[in-house]
Amino acid sequence: MSTVQVEKTIDARGMACPGPLMNLIGAIRQGQVGQAFDVLSSDAGSKTDIPAWVAKAKQDLVEVREDDGFTHFVVRKAR
Amino acid sequence: MQNDVLILGGGVGGTVVANLVAKDLGDRARVTVVDTTGIHVYQPGFLYVAIGQEHPEALQRPEASLLRHDIKLVVDRATRVDTATQKVVLASGRTLRYDELLLATGSRTVMEEVPGGAGAHDFYTMDGATRLFKALKEFEGGKILIGVAGIPYKCPPAPVEFAFLLDDYLRSRHIRDKSEIGLLSPLNRAFTIEATSKLVQPILAERGIELTGFFNVETVDPIAKTVTSLEGDTMEYDLLVLVPPHRGQKVIEDSGLGDERGWVPVDKNTLKHTGFQNIWAVGDATNIPISKSGSVAHYEASVAAGALAAAVRGEAPPTHVYDGKVMCFLETGQGQATTISFDYDHPPVSPTPARRWHWLKTLFNKTYWHTVPQGRLP
Chain C
127 MSTVQVEKTI
137 DARGMACPGP
147 LMNLIGAIRQ
157 GQVGQAFDVL
167 SSDAGSKTDI
177 PAWVAKAKQD
187 LVEVREDDGF
197 THFVVRKAR
Chain G
7 MQNDVLILGG
17 GVGGTVVANL
27 VAKDLGDRAR
37 VTVVDTTGIH
47 VYQPGFLYVA
57 IGQEHPEALQ
67 RPEASLLRHD
77 IKLVVDRATR
87 VDTATQKVVL
97 ASGRTLRYDE
107 LLLATGSRTV
117 MEEVPGGAGA
127 HDFYTMDGAT
137 RLFKALKEFE
147 GGKILIGVAG
157 IPYKCPPAPV
167 EFAFLLDDYL
177 RSRHIRDKSE
187 IGLLSPLNRA
197 FTIEATSKLV
207 QPILAERGIE
217 LTGFFNVETV
227 DPIAKTVTSL
237 EGDTMEYDLL
247 VLVPPHRGQK
257 VIEDSGLGDE
267 RGWVPVDKNT
277 LKHTGFQNIW
287 AVGDATNIPI
297 SKSGSVAHYE
307 ASVAAGALAA
317 AVRGEAPPTH
327 VYDGKVMCFL
337 ETGQGQATTI
347 SFDYDHPPVS
357 PTPARRWHWL
367 KTLFNKTYWH
377 TVPQGRLP
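First to last, the protein sequences are chains C and G. Reading the first sequence from the start, the letters are residues 127 to 205 in my numbering. Reading the second sequence from the start, the letters are residues 7 to 384 in my numbering.
Hint data in this document are derived by calculation from the structure and do not stem from the laboratory. Be careful, since some hints might not be right.
[Stated by the list, open to error] Keeping only pairs whose Cα atoms sit at most 25 Å apart, straight-line, the calculated PhoX-like set for lysine-lysine is: (1) G:Lys231 <-> C:Lys134; (2) C:Lys173 <-> C:Lys203; (3) C:Lys182 <-> G:Lys231; (4) G:Lys256 <-> G:Lys231.
[As the list claims (entries may be wrong)] Residues from chain G that keep clear of chain C, each with C-beta distances beyond 12 Å, as calculated: (5) Thr43; (6) Ile57; (7) Leu96; (8) Thr115; (9) Gly147; (10) Gly188; (11) Asn194; (12) Asn284; (13) Arg319; (14) Pro324; (15) Gly341; (16) Pro357; (17) Leu366.
[What the hints assert, rightly or not] Output of the computed footprint for chain G on chain C, the stretches with three or more beta carbons under 8 Å from beta carbons of chain G: (18) 144 to 155; (19) 174 to 185.
Virtual Cβ for every residue (Gly too), placed ideally from N, Cα, C.
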C-alpha cells in the first residue's frame with residue numbers, strides 16, 4: 127500500500143486513453159504542491175502515457191499498483 | 007394537467023430537446039426555454055471567422071426562429087436553481103417553476119484563470135475570433151504559437167484545425183516563408199485520439215507546422231512574449247492563440263448542481279443528474295468524459311427528450327440511451343478534411359483526408375439552420 131496520503135482518487139476506469147492522463151493533468155493543475163492523487167485506470171495506454179507525462183512534468187510518481195482489472199497510479203504534485 | 011418542462015440554454019442541446027419534447031407531448035406540457043441572449047450562435051463557425059472565411063452575422067439567428075411556436079422563450083439569465091421548491095430564479099428577479107428541468111447551459115471560457123492570458127488571442131467566442139482575424143490581417147511574419155490552457159475544452163480537434171487553416175491563410179498572403187507555426191499539445195501527440203494523431207502528424211510535418219508535445223499552457227508573459235507550460239518549458243512567440251480554460255456556467259456552480267469546475271454529474275447513458283430524479287443535462291454542461299461539441303449535444307438530445315417525455319407521462323424511462331456517439335470533422339487544410347467517429351464501445355476511426363469531407367463539413371455548416379435545431383437529423 128502507498129504510504130502517502132491521497133488527496134483525491136480519480137476514478138478513470140472505463141475511460142479510453144488519454145482520458146485518465148487528462149484528468150490527472152487537470153488535478154495537478156488545480157492541486158497544491160505536496161498533494162497526491164490516485165488515478166485508477168483500466169486503459170493499457172495509461173501505463174506508458176502517465177509515467178511519460180509525470181517524468182516530463184517533473185512530478186513524482188509515488189506508486190504504480192495493479193488491482194482487479196485496473197492500475198493505480200499515485201502521483202504527488204512536486205512543483 | 008400540464009407539466010412544466012423547463013430548459014435552461016438555447017444552444018444545440020436545449021433547442022433540439024425543446025422542439026422534440028414539445029412535438030411529442032403537445033398539450034401535455036408547457037415547454038419553456040430560458041436563454042441569456044435569445045440569439046442562437048453556431049459556434050463551430052468561430053474557427054472560420056478567425057481566418058476571415060466567415061462573417062459573424064452568418065453564424066447567428068434569433069432563437070425564437072428555431073423553436074416551435076408552442077414553446078415559450080424567456081430571454082433572461084438563470085441565476086439559481088432551487089431544487090427544494092423546483093424553481094429557477096432569473097436575473098430579472100422573476101422565478102419559473104418546473105416539474106422536469108433540463109440543464110443545457112453549455113460551458114464558459116475563463117481566460118482570466120491564466121496569468122497573463124489577457125495577452126493571448128482565442129477563437130472560442132465571437133469577439134475573440136473577430137479580434138484574432140484583425141490581428142492576423144496585421145501580421146506580417148513571425149512566430150505564431152497555438153496552445154491549450156485547460157482540459158476539457160470545446161471541440162478537441164479545433165487547435166489542429168486552426169493550425170492547418172492558418173497555414174493556408176499565411177500561404178494565401180505569401181508570408182508563410184516569413185512565418186513559423188507551432189502547435190503546443192497537452193499530450194505527447196497532436197490530438198487526444200491516437201489513431202487520428204497518426205493520420206495528421208505527417209501532414210503537420212509536411213506543412214512545416216512544428217508540434218511540441220506535453221506542453222500544457224500555464225502562464226503567459228505578454229511583455230516578454232513568452233508562454234510557459236505546467237511541465238516547466240518556456241517558448242517565445244510573436245502572436246499567441248490559446249484555447250482558454252473552460253468551466254460550467256455560474257448558475258450550475260451557484261446552485262450546487264455541479265462538480266468543482268461546474269460540470270453537471272449525470273449518468274453517462276441516461277443523462278439524468280446523479281442527485282435528482284427530475285433533472286437531466288446535455289451537451290457541454292455535463293461531466294461525461296467525451297468531446298464537448300455540438301455533435302454530442304445533438305446525439306444526446308433525442309435521449310434526453312425521450313426521458314423527459316416519459317417522465318411527464320409517468321412512464322418508465324425509455325430503453326434508448328446515449329451510447330457515447332461522437333462524430334466530428336477535422337479540417338486538414340488545402341481543401342481537405344477527415345472525420346472522427348466513435349462511441350463508448352467502438353474506438354475512433356478516421357478516413358484518409360479528402361476533399362469530400364471538407365465539402366461535407368461546408369455543406370453541414372450551411373444547412374445546419376434547417377436541420378439540426380428542429381431535430382430533423384437523427
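To see whether the hints hold, each was checked on the structure:
1. G:Lys231 <-> C:Lys134: 36 Å, violated
2. C:Lys173 <-> C:Lys203: Holds: lysine 173 of chain C and lysine 203 of chain C sit about 19 Å apart, inside 25 Å.
3. C:Lys182 <-> G:Lys231: 23 Å, holds
4. G:Lys256 <-> G:Lys231: Outside the cut-off at roughly 32 Å; violated.
5. Thr43: 29 Å, holds
6. Ile57: Fine: 27 Å to the nearest Cβ keeps isoleucine 57 of chain G off the interface.
7. Leu96: The claim holds: leucine 96 of chain G sits with its nearest Cβ about 31 Å from chain C, beyond 12 Å.
8. Thr115: Non-interface label on threonine 115 of chain G holds, nearest chain C Cβ at 16 Å vs cutoff 12 Å.
9. Gly147: About 31 Å separates glycine 147 of chain G from the closest Cβ of chain C, which puts it past 12 Å; holds.
10. Gly188: Glycine 188 of chain G clear of chain C: closest Cβ-Cβ about 17 Å, beyond 12 Å.
11. Asn194: At about 6 Å from chain C, asparagine 194 of chain G fails to clear the 12 Å cut-off, so the statement is violated.
12. Asn284: 26 Å, holds
13. Arg319: Given a closest Cβ separation of 32 Å, the condition holds.
14. Pro324: Proline 324 of chain G clear of chain C: closest Cβ-Cβ about 23 Å, beyond 12 Å.
15. Gly341: Non-interface label on glycine 341 of chain G holds, nearest chain C Cβ at 30 Å vs cutoff 12 Å.
16. Pro357: At about 20 Å from chain C, proline 357 of chain G clears the 12 Å cut-off, so the statement holds.
17. Leu366: For leucine 366 of chain G, whose nearest Cβ neighbour in chain C is about 26 Å away, the distance exceeds 12 Å, so it holds.
18. 144 to 155: holds (count 9)
19. 174 to 185: Answer holds; 6 residues pass the 8 Å Cβ test.
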